[in-house]
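Read off the chains here:
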Amino acid sequence: MTSRWGALRDLLYGMTGYEFARHAMQIRHELESVFMVVTMGDLIGVPVLPPYYSLRLLPYVVPQIETWKRHMVRRKELWEKPEYDLLEM
Amino acid sequence: MNTFVAVLLGALTVYLAYTGYARRVDRKIIQPDPNRATPAKLYMDGVDFIPTNRNILYGYHFKSIAAAGPIVGAIVAATLWGWLPALIWLILGVSFMGWASDYSAIVLSVRNEGNSLSAVAHRLIAPRTRIILFVFIFFYLLLIVGAFVGIMAAVMNGAPQAPFGIIMLTAMGVLLGQMLYRWRAGLVGATLLTVGVTLVAILLGPQVQGIFTSLNGAINALTGGQPVVTYFDPTAAGFKGADTKIMPSFVFWALAILAFCYAGSVLPIWRFAQPVVYVGFWITALSMVLGLVGAALAPWVKPAVAQFTIPAFKGWNPPLGPSGLMPLWPMLFVTIACGAISGWHALFGSVGTARQIENETDMLPVGGGSMLTEFLLGLLALLAVSVGSKGAPVAAFATGLGGFISVFGLDIRYATSLAFVAFIVIVLVVTQLIFRVMRVTLTEWLGEAIPPLRSQQVSSLLSIVLALLLVLTGTWIYLWQLFGGANQLMAALALLLVTVWLVSVGKSWYYAGLPMIFMYVTTMAANLVTAYNLYVNVFTPNIAAGRPLPVIGAGLMVLVALLLVVAAAFIGYDGWRAFARYQRQPARAPRPAPARG
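Line by line, the protein sequences are chains X and V. Under this note's numbering, the first residue of the first sequence is numbered 561, with each subsequent residue one higher. Under this note's numbering, the first residue of the second sequence is numbered 50, with each subsequent residue one higher.
There could be a bad hint or two in this list.
Claimed, not checked - To list a few chain X residues with every Cβ distance to chain V over 12 angstroms, as calculated:
| id | residue |
| --- | --- |
| 1 | Leu609 |
| 2 | Ser614 |
| 3 | Leu618 |
What the hints assert, rightly or not - Among the chain V residues that face chain X by a calculated CB cut under 7 angstroms, a handful are:
| id | residue |
| --- | --- |
| 4 | Val96 |
| 5 | Tyr109 |
| 6 | Lys112 |
| 7 | Leu236 |
Don't read these hints as lab results, they were simulated from the structure. Only a predicted model underlies this, so the values are computations on that prediction, with no experimental measurement involved. Using N, Cα and C, we set each Cβ at its ideal position, and we do this for glycine too.
Chain V on its own, in the form it takes in the complex (with noise of 0.2 angstroms):
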């Protein structure tokens, strides 16, 4: 297997999937009506509800979707099972449940007036249903940053090319956003100077990683070089699992990586949060098509860069610490999840989205088309690690792109550090902002119960000091596949409602009904096992040496894992019902109020 064979396999399943069913569905079950006002139109107050041409809308809603989960995902599957399965569920899953999810999302809101899920669940199914998605929203996102503040410290840490590049992004983020809303300078101009001078600060990377290595010495020789905090990992010595030391410099890239967020989450959207991610755009963007191009010539141009590496086929149960369990069912389905299906995609393209189309014929091409390309990142990340065979999963993603993109002349040692600091660019600049959807999610949630929540100060350091928490039990490869599992119920949880929608107007609903079945009941397992993983690989070995740290978050992961099953439990019970009741009898056109006598 080589990478352009790969890519080809993945232009054809954009194409037939999108020709062959996608547009099956919309012609045959949906119906687009291009003469039907759309709420953009019905309700346009220039802000939310506003018609948006279909072209704008394509790139909006694919880099609001675009980001770290297909990539993290690719690379932790590949790692555990071979490239095999990966690919062939990243395939499956985005040609017959992701595009479906993605865009049914869309067509549901269109079709509600606007309506969120939420929303349209509060309505059709039962009005507990929207409490328990406050739940799902707020766990969900403790899980996330915990996974990706563990990855981005330890890439920190032990790649010293990667620090200079990213303190360069910010400052360039925050310069960005004073030359845009401050001195009203253009926007060409101020993208080509902030991109471009971190462009040039990540290449130096390698130059000044010295300093770096000289920081990280210095600090781990506050302690005498001893760690801070013991563990027991069932992630290392090859997923054997030992004791693994978290060492002060781990600890000083995670408070580095949490005052960011810090930053990202109480300063102004435009002042930090919005600017920054921009200037990461370009990097990642930039990263990402040369890497699509270069693996599609690397046969031709570079072939040593091109083969696939790691193994097709690792099995069907690969051991994962002492005494774990892995199936590659359900646990592939959960831990690749952008790429294939998101249920992430499905809440938020009801709403940022949904509210611009400007006619019902552009909802398959801006939501089914934005996920089947995001399935092409996936792929992206897949091939990667699949031809990097150095080191842990994260290195080997960075090698493996680094070869790709030094197809196009770049000396390898520079394409690579430009890999690493885009993989943990694209992770940074998402987790400061999810910092920040967890002030205003806790705020929401629990700001009348307990009123210092309304701080930002305090909402942020709480959401900090349980991510921390989280971080040092060390195992973020469970904490993946937990976010992974509550991601994935999330999409089975948008399918059972676009399901319960399409009986109660009387459609077909099987193209939406089967796979809201089949990750149901996937996603419920999986986060069943993962409980069971934590419980017997982290939870028992590191209650049995007396270490209460990694207990308390051990402990607290099994229980975020139960609550997402029981909380999914009731959405499917109270939608089951609802399923009933609309097949019985179909619900009634909305009439208008009768006038008063």
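The shape of chain X in the complex, shown without the other chains (with noise of 0.2 angstroms):
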């Protein structure tokens, strides 16, 4: 029985507060991919910042690098941009 009050709990959550938690990780995210193209932009071509505040930088930064980098070099499509997930047909 608390299984299915727990089903109907995430149904209703995907349907309304899913979305909100979905755009602010999106806004986060953004604004997360501007740190680090301004701060460890050697590592795809766009030098911005002295290497020497990009390697006191780094530790901080490794764990993300990965994700960032397949994030950046990803081709993306014109449906991929916030607009198009909330467009209910």
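Two chains, two frames, some hints: make the complex.
Following this line, the structure appears as structure tokens:
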């Protein structure tokens, strides 16, 4: 019985709060991507910050580098923009 | 026929289609492997690729696909051909095609590293397929906003109990965005406040309708009661065709709706579009759930609202306009799109939902299950219009749905007001988002060649002007069918892609291929019939009467219809060649790149 209530709760969350949580994550992700480009741009051929500062920051961003590079190099389709997430038909 | 039998039939359809057919295809052909890593797990980035619980994803996907499409389509089809053909198509369409299209698009993406349909088309069929899809999308969106703005302006103008609820919904949506993203209020409390106030405002609609009646009268007095535009409308006078006048109050409401859409297009998503959609969701969900349960209970609680009042069948080729065609085949199959099968679901399910699938065994409940649930929404709209016999199609729908809601003891006047607003809300929130997407699409598509289009103000305004031009042609039923044709063609193309992929990996392709052939032929024919109807019923009479605006609008629509047919012919030809190629020799599994010496 509990699992059924849990499923119903998840379903309702999927229809309501999930999109807000997802959008908040997208906003945060965009800001972090900008930060990564500014500080670690050398890794993708965009040197913005002097290497001295990049190296000082490197230990803090190591866990994110793989995901960030993958996100940057992936070919993005037009309909991956947040606008399309909301478009109900 | 009464509503309980129809609801029972709907529930039985969902059960049989899911357990009897969909599961069989899933188990025997697709063979989901719970141990295979999905793209959500392989490429997890916490944003686009993120493994998500199947129940949450089902709710998210259902909410993303269920909106105005299944409702408007069922209303128009029941009005044109009667409720029986509409019911049969809804049942057969979703059972053999609809779920297959949605589910297969997700499967295709999951089995192809989370790539979208267009990216897979680029690889499997031909590079130009992707470009043609861009053209499809833009005109598809233009057609749908033209139809929707026209419908909504007519309802706002003719149902003065509705605008107050809509104005309050907008205010509450803006407040909700502020509360959630700036004041960091809890979702439950913010929802209770904003949805509660909106609901009260909607129910107060009949009390304050005098204000809006006076407003409409004052606006019409500006021209001394003279129309702004007069045009020949083949859908007027009981579908016999007659001159119709666009009054200043209609234009006022059309402009008000477009201003709302402009705000939705240019403001940040969190500030306007998303929270307004969210508040609107609760209003429509409440109305639909009450309506569906009310329809099932009505034969016992309130039999007067449970009996079908429109004819079961109105003919194979009912008259619409002085000399147009409206044959049941192919036109019914594009008039009801989303409740039976929809290309839009496939296109965006392959991007948004597929990248969040946690386990391959979740693909069927999420993709197929959501589509089968959406069928129930189309069924409810069909029931509402079948029992509500008063007035134009939308008014009949609102009367019918209001009757179902009144089963719970709410006065019929207030229940009908809620139904009217629910209809406008569901269409309005979609329309504002479509303008936003049109703006983005226009910028991506033509921004390089025409730099001013990179400005969101310019691209939004251009989209709005084009939509207004279509609205002033006044023939929203043809617009709707043209939109349905584009949508169903996209479904056929999605199924074509799935068929090619199934052949390329050596699997049985019939469950996707046979619906694809039916939808492809049907929608090509439907687009040609619509182009003919527009030419003989709108273009020719208006050109004879010397009315340039409807002539330009109708001419534009005819061109769009022909463009869609040509674009689909190209994709179909490329698809056939790819199909034949893979039938001769299935694709080899990709191998790792050789090491460099």
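Q) Is the nearest Cβ of chain V still more than 12 angstroms from the Cβ of X/Ser614? A) holds, 22 angstroms
Q. Any Cβ of chain V at or closer than 12 angstroms to X/Leu609, or is the non-interface label fine?
A. holds, 23 angstroms
**Q.** Interface hint outcome for V/Tyr109 [beta carbon to chain X under 7 angstroms]
**A.** holds, 4 angstroms
Q.
Is the interface hint satisfied for V/Val96? The criterion is a beta-carbon contact with chain X at less than 7 angstroms.
A. holds, 4 angstroms
Q: Say whether it holds or is violated: X/Leu618 keeps its Cβ farther than 12 angstroms from all Cβ of chain V.
A: At roughly 20 angstroms from the nearest Cβ of chain V, X/Leu618 sits farther out than 12 angstroms, so the non-interface label holds.
Q: For the hint on V/Leu236, just tell me whether its beta-carbon gets within less than 7 angstroms of chain X.
A: holds, 5 angstroms
Q. Can we keep the V/Lys112 interface hint, with Cβ of chain X closer than 7 angstroms?
A. holds, 4 angstroms
Comparing the model with each earlier hint shows no violations; every hint is respected.
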